[in-house]
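Input sequences plus hints: build the corresponding full structure.
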Amino acid sequence: MIVSGRLVETGQAVELVLDTCRVGHIQALDSVTDLWIAPGFIDIQVNGYAGHDANAADVTPETIAELVRALWKVGVTSVCPTVTTQSEARMCRSLQAIAAACETDPLIQRSVPCVHVEGPHISPEDGPRGAHPIEHVRPPSLAEFRRWQEASGGRVGIVTVAPEHPGSVEYIRALAAEGVIVALGHTAADGDQIHAAADAGARLSTHLGNGSHATISRHPNYIWEQLAEDRLAASLIFDGHHLPPAVMKSMLRAKGLDRSILVSDSVAVAGLAPGTYKTAVGGRVELLPSGRLTLLGTPYLAGSAAALPVGIANTIRHAGVTLAEAVRLATANPARLLGLDRSDGWGSIRSGATADLVVFRVDAQTLELTIDLTVVAGEVVYRREG
1 MIVSGRLVET
11 GQAVELVLDT
21 CRVGHIQALD
31 SVTDLWIAPG
41 FIDIQVNGYA
51 GHDANAADVT
61 PETIAELVRA
71 LWKVGVTSVC
81 PTVTTQSEAR
91 MCRSLQAIAA
101 ACETDPLIQR
111 SVPCVHVEGP
121 HISPEDGPRG
131 AHPIEHVRPP
141 SLAEFRRWQE
151 ASGGRVGIVT
161 VAPEHPGSVE
171 YIRALAAEGV
181 IVALGHTAAD
191 GDQIHAAADA
201 GARLSTHLGN
211 GSHATISRHP
221 NYIWEQLAED
231 RLAASLIFDG
241 HHLPPAVMKS
251 MLRAKGLDRS
261 ILVSDSVAVA
271 GLAPGTYKTA
281 VGGRVELLPS
291 GRLTLLGTPY
301 LAGSAAALPV
311 GIANTIRHAG
321 VTLAEAVRLA
331 TANPARLLGL
341 DRSDGWGSIR
351 SGATADLVVF
361 RVDAQTLELT
371 IDLTVVAGEV
381 VYRREG
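Residue numbers (our numbering): 1 to 386.
It should be emphasised that the hints constitute simulated quantities derived from the structure, not laboratory data.
Mixed in with the good hints, there may be bad ones.
DEER-style ranges, computed between Cβ atoms [as the list claims (entries may be wrong)]: (1) D34 to E325: 17 to 25 Å; (2) T20 to T60: 30 to 38 Å; (3) G51 to T370: 20 to 28 Å; (4) A273 to H213: 27 to 35 Å; (5) G127 to T33: 46 to 54 Å; (6) A273 to G153: 31 to 39 Å; (7) T33 to T322: 12 to 20 Å; (8) L257 to R342: 18 to 26 Å.
By construction, the Cβ of each residue, glycine as well, lies at the ideal position given by its N, Cα and C atoms.
In structure tokens, the structure reads:
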């Protein structure tokens, strides 16, 4: 298979020869094209999309498979399905569905590098808890983590926790020793607790700037502390609603391009028409024509209704970065966090790297991305009509 376009990383027009599941020969061209070629986008936080909900009470393996397939259409070749705060039985049901989907379809398994468990070991406080149900918030438990791994077939690779819980340092240390990425999120922790968590092996802040109180102390506070903690990378929701443009720009500059990762945090109603919906997390929610998703009758956000390409476009619009830098936040950086860059060269396009890639166009006026082609392991999984 041959793919032509301009490499996002260099701007060079090229012809890629895909040799089965890997990138083979790369030939430079002199032609002019409006097609861009990038590594496949990697989204490490997805609750749902296009009506498919990883946390639904009736979730099935096909739910997960359809979720992954829907994301291929927006250029996401690797996704970490995100299981959120519920009863342990309900969470394990989602984990079992993810495992079964991967075991049934090798291409789905290829697209799911790991599972992200967000909660239930989060702050019980209004604000930091977000839309997670308070009745299921509970302290960290290694025994429960073991049951998650059993249900998922060992696929839990990211766990978001609030480090102010008693026993959280020991919990973080144990998970980190097993290679699990521990993220801090939905937290009201103080600086000492945040730094102790980093000492224990925490490596990430989950959607920094969100899942927090509406009003906090000017300084110190848990946002500044995480921004200043160089051992923590930060995932950021740049959907145009979770963080204002000035905050987006400031956080990206403070954390730096190397330690910033774009996530969608999309929920099942993402990609659907505006209206009122019932979701597993948050209950009754309203998707406004602007794309803002709120808890029905309140101004509070209930997750994101935007896919990762929206975040890439907003990063260029509001954060003063180039297309190449914005794409890097959704490719090379999450690949490095997950260790995928070392194993198969995910997150970059070079000879010998795995052939996960996306071909797209960028509107010169709006900066919106239009996906033309998505390839997973050398196989075309989406091609835009026309």
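Right, here's what the structure says about each hint:
1. D34 to E325: 17 to 25 Å: 20 Å, holds
2. T20 to T60: 30 to 38 Å: 31 Å, holds
3. G51 to T370: 20 to 28 Å: 22 Å, holds
4. A273 to H213: 27 to 35 Å: Since A273 and H213 have Cβ atoms about 32 Å apart, the given range 27 to 35 Å holds.
5. G127 to T33: 46 to 54 Å: The hinted range 46 to 54 Å holds for G127 and T33, with Cβ atoms some 48 Å apart.
6. A273 to G153: 31 to 39 Å: 36 Å Cβ-Cβ, so the 31 to 39 Å window holds.
7. T33 to T322: 12 to 20 Å: 18 Å, holds
8. L257 to R342: 18 to 26 Å: 20 Å, holds
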